Amino acid sequence: MKRNGFINDLIKYRAILLMLTPAVLFFLLFAYVPMAGIIIAFKHYDYAGGIFGSAWNGLDNFRFFFESGDAWRITRNTALYNIAFIVVNNVLQIFTAILLFEVGGKWFRKITQSILFLPYFISWVVVGAIAYNLLNFDIGTVNSILRGIGMEPIDIYNTPAYWPYILTIVSAWKMLGYGTVMYLAAITSIDTEMYEAAEIDGANVFQRILKVTIPNLYPTVIILVLLAVGNIFRGDFGMFYNMIGNNGVLFSSTDVIDTFVFRSLITSNDIGMSAAAGVFQSVLGFTAIMLVNYSVRRYDKDRALF
Amino acid sequence: MVKKRSMIMLAMIMAIVMIISACGSNNNNAPAATKAPEGGESSTNTEQGQGALDTSEAVKLKMVFVGPKPVDYDSVFAAVNEKLKAKINVTLEGEFLDWSDWAQKYPLKLAANEDFDLIYTANWAGYNDQALKGGFLELTEDMLKTYMPTTWKEMSEVNWDQAKVNGKLFMVPQNLGESVEKLILYREDLRKKYDLPAIDSPETYATYLKTIAANEKGITPFTPETGDWKMHNLDRITLKQQYDWNLFDLDIPLGFKITDETGKIFNVYETPEFKDLLVYYKDLADNGAWSKNVLNNKNDHQQDFREGKTASITHNMGTLGSLMALMRQTNQFEVALADINPNSKKSQAVATQNGVSVHATSKHPERALMFIDLMQNDQELHDLINLGIEGVHYTAVGTEKFQSTEKSPNYTGFSFWGFNSPLNRDNESFPEEATAMQKGWDSSVYHYPLETFVFDNSKVKTEVANVSNVMLRYAIPLEYGVIKDVDKGLEDLNKQIKAAGIEKIQAELQAQVDAFLAAKK
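Taken in sequence, the protein lines are chains A and B. The letter at position 134 of the first sequence is residue 134 when you use the numbering used here, and the numbering goes up by one with no holes. Numbers given in the numbering used here equal positions in the second sequence, counted from 1, plus 1000.
These are computed hints drawn from the structure, not numbers from a lab. Keep in mind it's a predicted model, so treat the numbers as computed, not measured. Keep in mind that the hints are not guaranteed to be accurate.
[To be verified] Derived DEER-like restraints, expressed as beta-carbon distance ranges:
1) W1099/B <-> L99/A: 44 to 54 Å
2) T159/A <-> D1161/B: 44 to 54 Å
3) P1449/B <-> I83/A: 50 to 60 Å
4) K1504/B <-> I83/A: 54 to 64 Å
5) A15/A <-> G1413/B: 30 to 40 Å
6) A55/A <-> G1308/B: 49 to 59 Å
Quick reminder that beta carbons are idealized off the backbone N, C-alpha and C, glycines included.
Work out the full structure: start from the sequences and follow the hints.
What follows is the structure, encoded as structure tokens:
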């Protein structure tokens, strides 16, 4: 009886299952199958042996990361940057989405959306070049303006303290359009009857936003944040590398795990050691997502991701 | 209902996971399984082939080059193949790794054991490292004698020795002493304009830089090569050349004096010479000799020099000479070369600056070696691969020189240098003073015992990775004068580099050097 039900369901939902297949295949091929490669982190990789034939070397590959003396600093940097990005980006995106929704005007909304979306498509290499031309000491736009109005130019590229702010702003600017569209979609799908009811009850715009829109956005926010938390120990390499490059002066406040590993191992090309760093990030990320999901569950069972 | 649906989902996923992971592991095993017989086969082939060189079977060789695919690849390689086919029944196919990402792709080609037979290699492209990891086929004397008799005859023993890693050979180096000394290229017109003394010492160079900084707004006196960090070009001029030192690896601050027979290794950062250099650099930096944001500069220094945005750059003789030739053709600025250590010992000629290796799993190593033999020693083929088609990409001038043509840019820019040999033609417009300077160096080459030593860092990899990181984080900002307090900066640097394990590397290196020298006696 049960088996019958299962087969029946398979037939019944075949269209939906078919639609799901590409995504499932994608993750299997590119996320699950390669997971076998984790063993490289525990091996002394040599070309003749390959992934499975190389000799084991225990935790040797992890030594480099933890003995560098920088492990704590860069892990902390990575997590803090990502937390800042998650908070700032989501708040700004929700704010913009609500604004666009309320302001309305079909053409205005479309055009604004497109403009906001534009930075998302600019590669980090280009963003890095733009930033250099804006911020550098000798000919940067910012310093030219400062000189123009008779102020002292600031040496941004040699001052680590500015960089957490600069990076957060750049990240927010780049991701704004993408997130806004997602939240806008979520807002549009809110039942309009609720707004009508609120209006009849005499709610003004702000009350409508606070009491209807935002509470209805919670599920979306939670899902997006949870997904982001899983990557909290992965620095956006493209961003950090192209913005900071090899400028050692800024490393104290801008070094993340990915850039550190890249820099240390680019010359030695040791696959095992890079894999070890990757495993470390994955384990931390997994722990983080489990913890957050658990907390959300405790708070409200229905809102948790799983 | 919801529960049921998720059960189906789960079942589906599980099923697909199983199917795919089964496929996946099969795929992964496949190359490993076939690899062993391949290796065996090739070695037996070599043994059989030793009597007569049998070329009856048509063979296709694939070679990996660094640098972009030349525009006229098709026509030139077709011409090459026509000759190769007739001579050794081989067709050549080239694969090209762009300059922008070759450093990432190159090791992957080997690590993933892709299907190719030959690969360009060089000391600066990780030759030692890849050889130790087993990416290249070991070349025995027998193989060389059998399959590349001409090269064996022509190549000097020093070249072979330099290419050996732990006593084993994995590369056919170029048969050409190539100077790796760095030089300075500067604007002679500006020097004359301010009536400055000839640039022949670090002091006169500093004067030049400072004068430009003070008087020429809009021109950066010096621009380093992007990506050339750690022990960079200018360090090599001001430390290595000036004090007759040499470094084992530009990513580790360990050096020795080339005149020191005992081969005593020291930490460059702890020497008084390095401290003097920091003072010299700091003075330059404070006087605006380079951009304050030099660490983030991504401009191409040669391009900047050509456009008159910067007043001096450093590079090796070949590159600077070509740039001079180009600038003289277009008649932009008056430029000149400067050797600021004219009296230092120029230890010329590292043969491993360019070379070709056979892939460890190549199916046709014997034919690959025959191919290299021809490329290095057959004038026709050598000219073809180096310069392209005569009359189109270059015009031959006598037997030793060539003239570039309009089409020259369509066939250049990638690492055909692996086949360099005395057959190389020189560019007719290559500046005479550069040639003269080179000749002067060649005549007074200094040979030293550690010339052919190669450091095997496999036992101290962790420390090497950490040291290289510390160099980038503490030493480079210090050198470019970004750290305000030099003494404090140097103290920090040395503290950090010790923590990173420099002493362990030094001990390991010293042990290897001692063993090497003892074996030589």
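Hints versus structure:
1. Here the CB-CB span from W1099/B to L99/A is close to 46 Å, well matched to the stated 44 to 54 Å.
2. Separated by about 50 Å at the C-beta atoms, T159/A and D1161/B satisfy the suggested range of 44 to 54 Å.
3. A beta carbon spacing of about 56 Å between P1449/B and I83/A agrees with the range 50 to 60 Å that was offered as a hint.
4. Judged by the Cβ atoms, the range 54 to 64 Å given for K1504/B and I83/A is violated: they are separated by roughly 37 Å.
5. The hinted range of 30 to 40 Å is not satisfied by A15/A and G1413/B, whose Cβ atoms lie roughly 53 Å apart.
6. Take A55/A and G1308/B: their Cβ atoms lie about 56 Å apart, and the range 49 to 59 Å holds.
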